[in-house]
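Since the structure of chain B is provided, determine the placement of chain W with the ligands on it from the hints.
Chains as they are written, first to last, in the UniProt record's numbering: chain B, 1 to 107; chain W, 1 to 419.
FYI, nobody ran anything at the bench for these hints, they're computed from the structure. Think of the CB as a built atom: it goes at the ideal place given N, C-alpha and C, for glycine as much as any other residue. Take these hints with a grain of salt, some might be off.
[To be verified] Calculated cross-link-like contacts (lysine to aspartate or glutamate; reagent style EDC-like; alpha-carbon spacing at most 20 Å):
#	chain 1	residue 1	chain 2	residue 2
1	W	K25	B	D69
2	W	K25	W	D103
3	W	K25	B	E104
4	W	K405	B	E68
5	W	K405	B	D65
6	W	K49	W	E60
7	W	K405	B	D69
8	B	K3	B	E93
9	W	K405	B	E81
[Stated by the list, open to error] Computed footprint of chain B on chain W, listed as stretches where at least three residues anywhere in the stretch have a Cβ under 8 Å from a Cβ of chain B:
#	stretch
10	39-46
11	65-73
12	326-339
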Amino acid sequence: MAKITYLHPNGTATVVDVQAPNTVMRGAKLNNIDGIEAQCGGSAQCGTCHVYVDEQSTVPLPPMDSVEDDVLYGTACPRRESSRLSCQLPVTEELDGLVVHLPEAQS
Amino acid sequence: MAARGVVVIGAGQGGLDTVATLRAKGYGGPVTLVGEEPVLPYQRPPLSKGFLTGATGHDELTLRTESFFAAQDIAVVRGDRAERIELDVQRVRLASGGTLRYDKLVLATGSRPRTLPVPGMDLSGVLTLRSLADAEALRGLLSGPPRQVVVLGAGFVGLETAATARGLGHDVTVVEAQRRVLARALTPQMSDWLAGRHRRQGVGLLLGAEVTALHGTPAGEVAAVQLLDGRRLPADLVIVGVGALPETRLATEAGLLVGDGVIVDQWLRTDDRSVYAIGDCARFPSAAHGRHIRLESVQNASDQARCVAAAICGESAPYTAVPWFWSEQYALRLQMAGLTAGHDETVTVGDPDGARFSVLCFRQGRLTGAESVGRPADHAIARRLLSSGTGPSPAEARTPGFDLKSFVIKPSSPAPAHA
Ligand SMILES: Cc1cc2nc3c(=O)[nH]c(=O)nc-3n(C[C@H](O)[C@H](O)[C@H](O)COP(=O)(O)OP(=O)(O)OC[C@H]3O[C@@H](n4cnc5c(N)ncnc54)[C@H](O)[C@@H]3O)c2cc1C
Ligand code: FES
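Isolated chain B (complex conformation) (with noise of 0.2 Å):
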């Protein structure tokens, strides 16, 4: 189980425990955290599943494959060095912590 910081667009943030095997896409929907589309389901179709890891953040993530690293081309907000696919990180002990900003839109 993790502890991951979900901070909207207005300031306002949401802190959830994700339990694996989720997702931090799932977590989102799990917790009714809007801001996070998922439009494919969470299989890095769509884009619609944004998040801006927080710069601070020293959560370690696992690196991009290349699929989520085209899939960061089409998203409704501009693409950020910090940009990721959230259905495309697993909830595990080591994300705990994790903060992720949500974009103004997603599709």
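Chain W with the ligands alone, transformed into the frame defined by chain B:
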């Protein structure tokens, strides 16, 4: 007058996204979601893919938890059908006998599998695939020893199911009346490439073949598929994937304008101003196509749901989203964006032999659509270019070494403003 609120008929992708968006936008009136299926709204795409193999579990199909509906004050009526719409008094009658009054009604009833008008369709072992219940039945049959599977129809659901069944070790033949697979959805280049891929996986592909009957055993189980040319294909499992029909009975009986889908305007309103229709069941005017079309995709259901929810909240805007679709067959990622029909020129970029390429479609020199296999960046970028109305010219796309990535700005570093 007390608000009667919004009633949404159909608790699938579009219905769920409508009610969720209404609340996310701050809609304060009563919201009711009516679904005939006994389960909470779930996603259908995995039903022909990971769910059949067991890779995707029940939990991952569910789109929202029970607590979501409670927390958002959304009433969910499950396992009950909307039987009749009374437009004059703005009321819905349910099969259970209940009634629901509405200020705004949204039809999100989806579609149902088409059947073939041939004898033997009612034999046991003949299945269609639309709902979770259908997928559970099919998964049960595919998890056993190898079978002789015949898939009728080379559309997306048919081909995905064929690929999945083949991957599980079954003997699979696909029968298609058209001369190409996915003839209406794909360019000839992509269609031929995909057909070759299925054949290489060992799937029998009979194109231009017409089914005239299904034969059964004395016990009423399917035994063979009869073709017009006399061939008889042994089969102990037949999957019928010959397309879907919009679920329009309610709308027709209510007297709404219907014609292969509930007819809506560019704001997704039916000819009754209190009633909207979205998703698989709706026929809407597409600016890009220049006519009314119906689309069966998650993107369309989802984006139309958001458009209608915004309209109900007073932010009316016409529906103009760029259509896109994905399919998974074997380990292939097939993605489509925009309009691939009606092109007058195509340019293939990438490496078809290595299963990494895109077919870019142009009309009068403008990019109108893109089909990609194993090139998710092309798809992602094409979607953005199509929504902004820009893109390469055919000549640019043909330049050696051309890459759509040259059309995007490199990722930048600054953290979001609200950090
Ligand atoms: C096997 C399969 C695979 C697919 N794969 C993909 C894919 O890879 N990518 C993609 O983009 N799309 C895919 N699709 C299509 C996608 O799932 C649909 O386009 C989408 O679900 C449409 O959403 P909808 O809300 O219009 O209808 P649905 O999600 O079908 O929901 C309609 C609901 O309304 C209910 N209903 C109907 N009439 C009534 C009534 N009178 N009263 C109460 N309830 C009623 C139905 O039971 C159903 O639950 C797939 C579909 C199937 C079946
Ligand atoms: S949910 Fe579609 S890319 Fe993550």
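Hints, verified against the model:
1. Taken as a hint, the K25/W and D69/B pair is broken in the structure, with Cα atoms around 31 Å apart against an allowance of 20 Å.
2. For the suggested pair K25/W and D103/W, the alpha carbons sit about 17 Å apart, so the restraint of at most 20 Å is met.
3. For the hint linking K25/W to E104/B, the alpha-carbon distance of about 14 Å falls within 20 Å, and the restraint holds.
4. Simply put, K405/W and E68/B have alpha-carbon atoms about 15 Å apart, close enough for the 20 Å limit, and the pair holds.
5. With a C-alpha separation of about 17 Å, the suggested pair K405/W and D65/B falls inside the 20 Å cut-off, and the hint holds.
6. Distance check on the hinted pair: K49/W and E60/W sit about 13 Å apart at the alpha-carbon level, within 20 Å; holds.
7. Restraint check for K405/W and D69/B: satisfied, since their Cα atoms lie roughly 12 Å apart, inside the 20 Å limit.
8. For a cut-off of 20 Å, the pair hint linking K3/B to E93/B stands: about 9 Å separates their Cα positions.
9. Proposed proximity of K405/W and E81/B is supported: the alpha carbons are some 16 Å apart, at most 20 Å.
10. Only when three residues or more bring their CB closer than 8 Å to a CB of chain B does the claim for the stretch 39-46 of chain W stand; here the count is 3, and the claim holds.
11. Judged by the Cβ-Cβ criterion of 8 Å, the stretch 65-73 of chain W is covered by chain B as claimed, because 5 of its residues qualify and three suffice.
12. Counting residues of the stretch 326-339 of chain W whose C-beta lies closer than 8 Å to any C-beta of chain B gives 4; at least three are required, and the coverage claim holds.
The structure does not agree with numbered hint 1 stated previously, though it agrees with all others.
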